[in-house]
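Taken in order, these protein sequences are the chains called A and B.
To convert, count from 1 in the first sequence and add 6; that's my numbering.
To convert, count from 1 in the second sequence and add 463; that's my numbering.
Errors might be hidden in some of the hints.
[Unchecked claim] Straight line, CA to CA, 20 Å or less: simulated SDA-like cross-link-like pairs of lysine to any residue:
1. A:293 to B:623
2. B:660 to A:33
3. A:293 to B:523
4. A:128 to B:497
5. A:221 to A:233
6. B:660 to A:41
7. B:755 to A:132
8. A:293 to B:614
9. A:293 to A:316
10. B:751 to A:134
11. B:751 to A:207
12. B:751 to A:33
13. A:293 to B:707
No lab work stands behind these hints: they were computed from the structure.
The structure presented is a predicted model; accordingly, all values stated were derived computationally and were not measured.
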Amino acid sequence: MDQSIASTGFGAPPARRPKHRTGRVDRLRENAGSWLFLFPAVLFFFGYQVYPIFRVIWISFTDYQFLSDKPAKWIWFDNYIDALSDPLMWSSLWRAMYFTILFLPGCIILPLMLAVLVDRVKTPRLAAFYRVILLIPAVIPSTLVFVLWKWMYNYQVGPINHLLVDTLGIFDLQTAPQWLGGTPLTLPSIAIMEVWWGLGYHAIFFLAGLAAIPKDLPEAARIDGASEWQVFWHITRPRLAPIMMILVVLRFGSAMAVIDEYLIFGGFNRATPTYTWTIYMYDEAFKTGLWRQGLGAAIGMIGAVAMMIVVLVLLRVFRPKD
Amino acid sequence: MSMTLQATPLPAAGPAGRPRRKRSWLQQNSALVIRHAVIILFLLIILLPLVWVLLMSVKTLPDAMRGVMWPSVFDFSHYPFVFSKIKTLPANLFNSIYVTAGTVLITAFCAVLAGYSLVHLRPKGSGIVITALLMSLYFPVRVVSLISVYEIQSFLGLINSTTGLILPYITLNLAISVLIMRSMFQLVPHELFEAAKIDGAGPWRALWMVGLPMVRNGLVVIFIVNFVTAWGEFLLCTTLTNDQDARTMPVVLAAAQGGQGYWAWPNLAAVYVIVVTPGILAFTAAQKLFFKGLAEGVIKG
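Chain B with its partners taken away, still in its complex shape (with noise of 0.2 Å):
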């Protein structure tokens, strides 16, 4: 290493002495600016069709039709007369919350319980539940076992049943879920339970007051996995579900056609708005334990 850096002199530290061109900063730096240059194009390309929907919301009908980008007028109207004249409108949106949070929270209960039990319990057979959940994930199970799902929930009766797709939506993510707690558990020490059992704390009492604190960033990437799965799932719903008043927002959203009238094209743009918003900023809010979760757990799943 120290041989390489002697005997080839740095380009940029020329030999002292020697008369150099002035150059000016843009060319010095000119594969920086490309660099930035090519990136902020990428991120253009990712932002502007969330800036064009977001646009849209705000547009007077003319102008939606005329397809300018940016408004003429800016008409705020579109986001109370969603509210008061979509009549399905507040309870889908209150089916997406509720099936969201139901699916969220119970998704993560058991992946941490099932995470904690693979490692630091590890009772009998629980290599076979690893391989099963690791091979569900190449195999397209959501597809392929529509038919059967469909039979089980209308032998329980839950077919048109919004809670119903709870059931279903759990298992959607549960095995990444799982595998995901898995390996920040393993970052867990052993001793840090064994110390929390001979100061007495039973298994559940050391994996609330030991466990829960040290899995925390993997939590926050489950939250936000499971809430995206739930938020926007459309199969299940479609199938599962025939009234509109059952439906989650987006399936009603994709559904809906646009023209004049309730789904006016601003109208639309509002209601997506609406929808789409809540993931971002939970997301951009939790990001730092999001990307923390990212690098401790999920890489290594």
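Pulled out of the complex, with its shape left as it was, chain A reads as follows (with noise of 0.2 Å):
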């Protein structure tokens, strides 16, 4: 497993290169028609990816405006300057640090109960079954997802507080949680839809790497008289860890830059706990004045530099070990 992950990084690819001896037109013709191959999946990746970051770092240091005719001016580090001395800009950074921590450890460690369970199932048609339900949420897109939660948590047909207020009877109609909608509780609840959401589609990825442990070595721990406790801490643990390492990088990276999310559930309401960086840089950029895109693309920076940082820590710390 290890080798296999770091090999998808920078190592060589197994695959043999042709050796054959041509002239140097052929090999530049040969290496022509090779990019031809490449050159459908580069034109989108540059015009859409890699052409609009550098765009975006230029435009955010100028004084460029959306619905202005006047022409960009060169401004340096006013943009950053503005944000950064903005209380504005460090409460939604934290807002969005706040929810990815709300976030992470349901993320990580249900899943991997979830798939230490039924890595053990051992009828292989009740097997397959539970692995089909688990990626269900993981084949609802993105939008329906969130709609479906927003009616969950609805105060007037929503099932949750039908349950807490009708069936239970822990609240009534008056004090019945509110769960979004700018509340404190808003980001609680949309944790916990993400971690709905991606409950079966991480258990996937943990039960993919327990098929890659030898299954006589856990065997061989229990006979010795090792709890299952003690089997999971030394010896699918650390098998798992480069798989987890992947699990927190990557959805660290998608918490801090959730945007549809709070489009949905929340607005442009500075006070609200869902007035997140991307939704200042949304609301900058695309809803106040003449769209100040300067300002806007500045936060978009300061935010995407902020997380990459926190990554790169993480990335150095859940390094492999050998």
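Take each chain as given, in its own frame, and dock them per the hints.
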């Protein structure tokens, strides 16, 4: 497992290069032909990912306003200074961080637990059935997950409040919790939704890792009298560490840069917990005034760079120790 | 190994002759029962919201407002109602199918060609491409590039164009799709393509006849991953289009507020079921190939 994960990095692919002596022209033509195959992917990748990033970096150093007729002026770091001296920048970064902290443990620990349980199901048909159900939320498109949970949390028809108020009677209609809509419960509610969404998907990742552990290893440990917990801690956990690292890093990235959920559940009220750096960027770039995209770009870059710093720290902390 | 096996007798097969207390099946298998019970609890948590929305779509309005889980009367009239009464619904559904099909096909096409080229043709400079693709996975490109993507689309005259959405949609999963295809093609021995070359097949023919059948499972994964992304994309669709006619179904659904009239709760739920079912059905049908592809390519990528 370590091997294969490492090999997707920068290691040499196993395929051999054909060795034959040809002229320079032939080689050039062959190279051009090979690039022809790469061309469509590279065209889209460059046009809609590489170029836009550099363009946004450029915009962030100008006073570019999309709806204004005036040409953009190069203003060096003014946008960055503006953004960083605004307390909103810091609170919006902190809100994104808070959401990530709420969300990360549940999206790693619960799927891991579930995977360990499903891995020990011996009946092949039952195991296959469990896996299919587990992956169903992962094939529900993102917006539909958000819409579904917007209804789940609804105070009028949502089943969660129906359970709490009518069935269990813990709350009455006046005290029933407001899950969404800018209350302090909003970010935890969204985090619960995200955990639900990733539960099966992440469990499938862990299951793939568990399948790669030789079965006689835990068996032998059990025969030697190791408890299930010891087997998990000393045999299973270290072997799942690479997968855990990839999940933590990738999910950290996606949790910090959440935007669709906040657009759907929140709004552009600057005091609400869903007003994170992504919404701040969107607000400045597409909502207020003449669309100050220079400032919006700077906010986006600050958020992205802050995130990348943590990602790099995580990659160092979790790097394989061999 | 064999030493430990002999040294400690298995607890279940106790030494013969010693009288053993009879235990019920439940006691003997308590671990098994608890394990399955916990798994089934998780599965219920996963399925219950979906069951709720499915039931909601066949409830009468009073039942829906009362919040009872099981409807007292099954009312299937909401499905024909939404099609006949909500004006933009057919257009939105068509938009969803059109944009998703375009995105999935073009991304798969790009990913297969690129994966093949990166592993078996390896032109000069392909290392840079792989590095750039990997780096893009760790950077919040989708969010940060939005300002520039809007500018590009407006330069191309594609604001409020449904077809125009396909272009940025392709790149949403392009990097991961190419990397999946790359690890799929790494499993195909290079000799196969060499043999095809000796038989007189050009690189295109070799890819079509030899390569494609071998990466079929990975293709299924790419189809499903891109389908899910394009079908449910929200950010670009709301930013790049203004009219409800030009938008995809999930985006319209996200903007709809439940209440009375056209967007009464059971009607909303009926639209939801119509939009969510194709994906779940397609996945369930293709799940064997999907899991194979996942095991072969994705876990490594």
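Would the pair residue 293 (chain A) and residue 707 (chain B) pass a check requiring their Cα atoms to be no farther apart than 20 Å?
-> Judged against 20 Å, a Cα distance of about 19 Å means the pair holds.
Take the C-alpha atoms of residue 751 (chain B) and residue 207 (chain A), compute the straight-line distance between them, and say whether it is at most 20 Å.
-> 16 Å, holds
Is the hinted pair residue 221 (chain A) and residue 233 (chain A) satisfied, with a Cα-Cα distance of at most 20 Å?
-> Answer holds: residue 221 (chain A) to residue 233 (chain A) is near 16 Å, not above 20 Å.
20 Å Cα cutoff - pair residue 751 (chain B), residue 33 (chain A) | 42 Å, violated
Would the pair residue 293 (chain A) and residue 614 (chain B) pass a check requiring their Cα atoms to be no farther apart than 20 Å?
-> Holds: residue 293 (chain A) and residue 614 (chain B) sit about 15 Å apart, inside 20 Å.
Given the hinted pair residue 293 (chain A) and residue 623 (chain B), is their alpha-carbon gap at most 20 Å?
-> With Cα atoms ~17 Å apart, residue 293 (chain A) and residue 623 (chain B) stay inside 20 Å; holds.
If you draw a straight line from the CA of residue 660 (chain B) to the CA of residue 33 (chain A), is it 20 Å or shorter?
-> Given pair residue 660 (chain B), residue 33 (chain A) holds - Cα atoms ~16 Å apart, limit 20 Å.
Within 20 Å, alpha carbon to alpha carbon, are residue 293 (chain A) and residue 523 (chain B)?
-> 39 Å, violated
Taken at face value, is the distance from the CA of residue 497 (chain B) to the CA of residue 128 (chain A) at most 20 Å?
-> Cα-Cα ~15 Å, so holds.
Please work out if residue 751 (chain B) and residue 134 (chain A) have their alpha carbons no farther apart than 20 Å.
-> Between residue 751 (chain B) and residue 134 (chain A) the Cα gap is close to 9 Å, so the pair holds against 20 Å.
Starting from residue 660 (chain B), check that the Cα of residue 41 (chain A) is at most 20 Å away, please.
-> 18 Å, holds
Assess, step by step, whether the Cα of residue 293 (chain A) is no farther than 20 Å from the Cα of residue 316 (chain A), and give holds or violated.
-> Answer violated: residue 293 (chain A) to residue 316 (chain A) is near 29 Å, above 20 Å.
Hint check: violations occur at hints 3, 9, 12; the rest are consistent with the structure.
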